[in-house]
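Number of protein chains: 2
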Amino acid sequence: MKVNYRELVKKVRGTSVPKPLSGTLSGHAAGEPFDKHVYNEIKKQLPKNTFRQYEYLNDLYSKNPEIIGNKARQELFDSPSVLFLLSRGKDATNKWSLENPFDEKQDDTADILVVKDGFFEIIDIKTRNLSKSAQAPNIISSFKLAQMCAKMIDNHEFDNLSISYFEVDWELKDRKLICKDAHYAHLFRATPKNLYINWAAAMQIQFHVSNLDQDFKGSVEGWAKAYLKHFVAQVYRRSQYMVEKYAKPFERYIK
Amino acid sequence: MKVNYRELVKKVRGTSVPKPLSGTLSGHAAGEPFDKHVYNEIKKQLPKNTFRQYEYLNDLYSKNPEIIGNKARQELFDSPSVLFLLSRGKDATNKWSLENPFDEKQDDTADILVVKDGFFEIIDIKTRNLSKSAQAPNIISSFKLAQMCAKMIDNHEFDNLSISYFEVDWELKDRKLICKDAHYAHLFRATPKNLYINWAAAMQIQFHVSNLDQDFKGSVEGWAKAYLKHFVAQVYRRSQYMVEKYAKPFERYIK
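Quick mapping for you: the protein sequence lines, in order, are chains B and R.
With numbering that gives the first Met the number 0 applied, the first sequence covers 0 to 254.
With numbering that gives the first Met the number 0 applied, the second sequence covers 0 to 254.
Watch out, some of these pointers could steer you wrong.
The list makes no distinction among identical chains, and a pair is therefore deemed to hold if it is satisfied within one copy or across any two copies.
[As the list claims (entries may be wrong)] Derived lysine-lysine pairs resembling DSBU-like cross-links, with alpha carbons at most 30 Å apart:
| # | residue 1 | residue 2 |
| --- | --- | --- |
| 1 | K89 | K62 |
| 2 | K244 | K89 |
| 3 | K175 | K10 |
| 4 | K43 | K62 |
| 5 | K89 | K115 |
| 6 | K131 | K89 |
| 7 | K244 | K228 |
| 8 | K70 | K143 |
| 9 | K228 | K192 |
| 10 | K224 | K247 |
| 11 | K244 | K70 |
| 12 | K150 | K216 |
| 13 | K247 | K216 |
| 14 | K247 | K70 |
| 15 | K18 | K104 |
| 16 | K254 | K150 |
Just so you know, the hints here were simulated from the structure itself, not pulled from any lab data.
Remember, it's a predicted structure, so these values are computed and weren't measured experimentally.
Input sequences plus hints: build the corresponding full structure.
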C-alpha cells in the first residue's frame, strides 16, 4: 500500500472542521467535512495518485475519448476485480461523455482511491460521533464482497487491490467538530470468520474500524477463500435461523 | 372507524405547507409538515380523541400517577394487542415520570392515534414527492405484524383496533409543498397474500398507499390468519432463495 496511514492518523488527530450548517448531527452528513479533510491529507502524500472514485472514472474515460459505450469502456480496466468494484452501471457508463461526466454517488465502493503502478488502494472513510454510542456502521455488502472474492479467484488476481477503512472519531465543541482520534484497518488483514453480517440491513458487513482485528496472517488468496467459506456458512445459518425464528412460532395458527 | 377519511382527503387535497428550511427534499423530513397538517385536520374531526402515540402514553400514565413501573403500567392497557403495538420498551416505561415524559420516536407504530369507546384507530402518514419515482416506503415490520396477528388470535381480540395509512402526494412550487392528491387504505382490507416483504430492508412490508388493494372481504380474524399463512410461506421462500442465490454460486470455491 502506498498511503502512510500512521502518518495520516497523526495529521488528522486533533484537527477540526466547521460544524455543518444543516441542523442535525445525526447520520451520514455530520462527519462529511472530515471525509474531505482526510482526502486532502492523502492527496498531500500522493498528489498525482489520489482520486475520488468518480474522478478516477471521469479521468479514465476522458483520456480515452475514442472509446465509447459501456462494453468498450469496461475493457479500459485491466482487472475484472477492479472493474467489478469501481465501474458504474451499464446505462450510466453508456451515457457518460465529456459533457455528462459522473458525479459523486453515495453507494460508490470507495470514498478515496489511490492508484499507482497498477495497484488500486480503495479507502473508505467512517466518521463517528463520540457523544453517541452508535451501532457499528455499514461497511460493504457481504454479497458484493463474495462476488469480488470469486472474481479474484477466477482471475488469479491477488495483488492489485486493497480495501482499507479509516475512522475519524469526533466531538462537537464550540461549533466545530474536533477529531479526538483516528484509526485505520485493512480488510484483508481482518479474520474473515469474525466479520458480522447484518442480513436485515441490506446484508451489510458492519464493524467499527477501531474494533476490527488485524490478525489474519495468510495471503490475499487465502483471505478470499476464507471469506467465501464464512459467507456461505453464514447464508446457511441465516436461512435456518429465519425458519426457526420467523416461521415456526406461527405455524400453529395456520393449520 | 371514527375518522372520516373521505372528508379528510377533501380537506387536505390542494392545501400547502411551507418548504422545510433544511436543504434537501429527500427522504423522511421533507413531507413532515404534512404529517402535522393531517394531524390537525383529524383533530378537528375528533378533538378529544386524537393523539400522537407518545401523547396518548403520556396521557394514560399521567392520569394514573399512582401506577408505577413497567409491569403495572402495562396493565393499564386492557388489550394485549394494543399494548404490543403502542407501548414503549421496558426500560423507557420504568423511567417514565411526569417530569420525564415520552417524546416523539421515529419508530413508533402510529403517527396518529384516535381512541374512542375502547377502539384504537392507528393511522400512519406517508408523504410522497411526486417529482421522484420513489420505491414504495416502509410500512411496518412484517414480523411485528405477525406477532400482532398471533396476539389477536390468542386473545380473541378482533374488534378493538384498526391500522390505516394516509398518503399525501406533494409537489414543490414557489417554496411551498402543495398537496396534489391524497389517498387512504386500511390494512385489514388489503389482500394479505399480495403484501410485499422486503427482507433486506429490516423485513418491512412496503407499498404505496395509493396502490394498495382493498379487496379483502373477510373478517379481521380471517385477515390475521391469512396474513400469518402468507408470512410463514414467505419466510420459507426467502430462506430457500437465500441458499440458491447467495450460497450455491460460491460453493465451488470452498471445497
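Now the hints, each set against the structure:
In the homo-oligomer, the alpha carbons of K89 and K62 lie at most 30 Å apart inside one protomer (19 Å), although the nearest pairing across protomers, at 61 Å, exceeds that limit. In this assembly of identical chains, K244 and K89 lie within 30 Å of each other by CA distance solely across copies; the values are 22 Å between and 39 Å within a copy. Proximity of K175 and K10 under a CA criterion of 30 Å is satisfied intra-copy only: 17 Å inside one chain copy versus 45 Å between copies. In the homo-oligomer, the alpha carbons of K43 and K62 lie at most 30 Å apart inside one protomer (24 Å), although the nearest pairing across protomers, at 64 Å, exceeds that limit.
Taking CA atoms no more than 30 Å apart as the test, K89 paired with K115 passes inside one copy only; the shortest distance there is 26 Å, against 55 Å between copies. Within a single copy, K131 and K89 get their C-alpha atoms only as close as 40 Å, which misses the 30 Å cut-off; across copies the closest is 21 Å, which meets it. Taking the closest pair of Cα atoms, K244 and K228 come within 30 Å of each other both inside a single copy (24 Å) and across two copies (15 Å). Taking CA atoms no more than 30 Å apart as the test, K70 paired with K143 passes inside one copy only; the shortest distance there is 21 Å, against 45 Å between copies.
In this assembly of identical chains, the alpha carbons of K228 and K192 lie at most 30 Å apart only when taken from the same copy (8 Å versus 36 Å across copies). In this assembly of identical chains, the alpha carbons of K224 and K247 lie at most 30 Å apart only when taken from different copies (15 Å versus 34 Å within one copy). For the identical chains of this complex, K244 and K70 are inter-copy neighbours only, at 26 Å across copies versus 45 Å inside a copy, given an alpha-carbon limit of 30 Å. With identical chains, the CA atoms of K150 and K216 are at most 30 Å apart within one copy only, with a shortest distance of 22 Å there and 51 Å across copies.
Only between protomers do K247 and K216 lie at most 30 Å apart by alpha-carbon distance; the minimum there is 28 Å, versus 41 Å within a single protomer. Taking the shortest alpha-carbon separations for K247 and K70, only the inter-copy value of 28 Å comes in at or below 30 Å, while the best intra-copy value is 48 Å. Within a single copy, K18 and K104 get their C-alpha atoms as close as 22 Å, and across copies as close as 25 Å, so both meet the 30 Å cut-off. Taking identical chains as interchangeable, the C-alpha atoms of K254 and K150 lie at most 30 Å apart only when they sit on different chains, with a minimum of 17 Å there against 46 Å within one chain.
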